[in-house]
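**Q** Per our numbering, residue 425 is the first one in the sequence shown, and the count goes up by one each step.
What the hints contain is simulated information worked out from the structure, not anything from laboratory work. Misleading hints may appear alongside valid ones.
Claimed, not checked - Label pairs and their in silico Cβ distance ranges:
(1) 461 to 485: 26 to 34 angstroms
(2) 516 to 485: 19 to 27 angstroms
(3) 484 to 509: 12 to 20 angstroms
(4) 457 to 515: 15 to 23 angstroms
What you are looking at is a predicted structure, and each value in this text was computed from that prediction instead of being measured. The C-beta atom is built at its ideal place from N, Cα and C for all residues, glycine as well.
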Amino acid sequence: MKVAIPLLLFVTLLVAGRLCQSVPDGAEDDTEELFCSNPNEEPLECGPACGDRTCSNQRRNNVLCTRQCIPGCFCKGGYVRNSRNMCIPSFMCFTG
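The task is simple: from the sequences and hints, build the whole structure.
**A** Quick look at the structure:
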């Protein structure tokens, strides 16, 4: 079980990175802007290294996370990742 949680976090970050695409913003300084394809995600330059909360860990207070900034697409406030890696309202985790 101790191996499953870090593995789940790694897979979540890996999939989240693939869902995000870098799109040049047209500026001459070659900076890039993140584009998130899921409407319930937002691009962050400094997101949590441990990834998004999920349906399975949203109520846990002991989720360990390093103090690193990770750029990428993260669920908006009030949303968590479900088993299909989509950001959904947290209350929908326990319905249907």
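**Q** All the hints need checking, so say for each whether the structure fits it.
**A** So, going through the hints one by one against the coordinates:
1. 461 to 485: 26 to 34 angstroms: Holds: the Cβ-Cβ distance is about 31 angstroms, inside 26 to 34 angstroms.
2. 516 to 485: 19 to 27 angstroms: This hint holds: roughly 21 angstroms between Cβ atoms.
3. 484 to 509: 12 to 20 angstroms: holds (19 angstroms)
4. 457 to 515: 15 to 23 angstroms: violated (31 angstroms)
Violated hints amount to a single one, hint 4; each of the other numbered hints is respected by the structure.
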